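Enquirer: Kindly produce the complete structure, drawing on both the sequences and the hints.
In order, the protein sequence lines correspond to chains Y and S. Letter by letter, the first sequence follows residues 1 to 102 in the numbering used here. Letter by letter, the second sequence follows residues 1 to 176 in the numbering used here.
No lab work stands behind these hints: they were computed from the structure. Every value quoted in this text rests on a predicted model; they were computed, and no experiment measured them. A couple of the hints might just be wrong.
[Said to hold, decoys possible] From the structure, some residues in chain S lie toward chain Y, with a derived Cβ separation under 8 Å:
(1) A10
(2) I13
(3) S29
(4) L31
(5) L33
(6) L47
(7) I64
(8) V72
(9) M73
(10) A98
(11) S113
(12) R141
(13) G167
We treat Cβ as the ideally placed atom computed from N, Cα and C, and that holds for glycine.
Chain residues, written in single-letter form:
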Amino acid sequence: MLEITPLHYSVLSAALFMIGVIGVLVRRNIIIIFMSIELILNAVNINLVALSDQLQNLIGQVFVVFVIAVAAAEAAVGLGIIIAFYRNKETVNIDEMSLMRW
Amino acid sequence: MEAFVFYLLATLILGLGIMVITARSAVHSVLFLVLNFLLVAILYVTLSAQFVAVIQVLVYAGGIVVLYLFVVMLVSLKKAPELRSDSRRVARTGLLLAGAVLAELIAIVWYTSANGSAPPAQAASDFPPRLAGDAMLNTERLGWVLYTEYLIPFEVASMLLLVAMIGAIVLAKKNL
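Expert: Written out as C-alpha cells, the structure reads:
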C-alpha cells in the first residue's frame with residue numbers, strides 16, 4: 001500500500017476516465033461535455049506518463065505531446081461549432097441539437 | 001513520503017474532477033478544471049516528466065481552459081440546460097452506462113495485473129531515447145526524440161493545428 005506502483009496510476013487514470021465518461025453521459029450543457037472530454041484525455045495522459053516512467057522509455061511522453069496537440073485542435077474546432085450553433089439557435093442544450101438527426 | 005504525495009494528489013484530482021461535472025454554473029466548472037490540470041501537472045513532475053508538466057500548464061491550464069472561459073462568457077444563459085429537460089431519466093441511463101464501462105476497466109486492470117507480466121525496464125530502454133549517457137535532461141531527450149524519430153508525426157501535428165485554426169475561424173466568424 002505504501003509503495004506506489006504503476007497499478008496505482010492506472011487506477012487513478014481509470015477513475016478520472018470514469019468521471020469524464022459520467023460527465024459526458026449525464027450533463028446536458030455541451031460546454032461541460034467538452035470539459036469532460038478534456039478530463040478523459042487527461043486520464044489517458046496520466047497513464048502514458050506513468051508507464052513511460054516505469055519503462056524508462058520516452059515514447060509515452062512523446063505521445064502525450066501529440067495528445068495535447070490534438071486536444072487543442074479539438075477544443076478550438078468544437079468551441080467554434082458551439083459558438084456558431086449558439087448564434088443560430090440560442091441554446092447549448094444537446095437535447096435541442098437535433099439539426100442533423102436522421 | 002512519495003506515497004503520501006501520490007494519495008494527496010490523487011484525492012484532489014478525483015475530487016476536483018467530480019466538482020467539474022457536478023458544478024451548477026459552467027464558470028465554476030472551468031475554474032475547477034484549471035485546478036485539476038495544475039494538480040495533474042504536479043503529478044507529472046513527481047513522475048519526472050518535467051517537460052510534459054510545463055506543457056500541461058502552458059497549453060492546458062493557460063490556453064485551452066481560457067478558451068473555454070471565453071466561450072462560457074460568450075454563451076450567456078438565462079437558465080441552465082439541465083433545468084429545461086427531463087434530466088432524471090438521462091442521468092440514470094448515463095450512470096448505468098458509465099458503470100458498465102467501469103466494470104470493463106476494472107476487469108482489464110485485474111486481468112492484466114494477474115496474468116500479464118510487465119516488460120522489463122531494460123528491454124525497451126535501448127530503443128530510442130538513450131543517447132550520450134544519462135546526463136541529458138528530460139526536456140533535452142524529449143526534444144531529441146521528437147525531432148529525429150518522430151519528425152514526420154510532429155510536422156503532421158503542426159498541420160493539424162493549422163487546419164484547426166482555420167476551421168475555428170471559418171466556423172466562428174459571422175461572414176467571411
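Enquirer: Would you mind marking each hint as holding or not holding in the structure?
Expert: Hint-by-hint comparison with the structure:
1. A10: holds (5 Å)
2. I13: This interface hint holds because 6 Å falls under the 8 Å limit.
3. S29: Constraint on S29 of chain S satisfied, holds at 6 Å.
4. L31: violated (11 Å)
5. L33: Holds, about 5 Å.
6. L47: holds (4 Å)
7. I64: Since chain Y brings a Cβ to about 5 Å from I64 of chain S, closer than 8 Å, the hint holds.
8. V72: holds (6 Å)
9. M73: Violated, because the Cβ-Cβ distance from M73 of chain S to chain Y comes to roughly 11 Å (cut-off 8 Å).
10. A98: holds (4 Å)
11. S113: Check passed: Cβ of S113 of chain S comes within 6 Å of chain Y, closer than 8 Å.
12. R141: It holds, given that the least Cβ distance between R141 of chain S and chain Y is near 6 Å, below 8 Å.
13. G167: Given a least distance of 5 Å, the restraint on G167 of chain S holds.
Hint violations for this structure: numbers 4, 9, all remaining hints satisfied.
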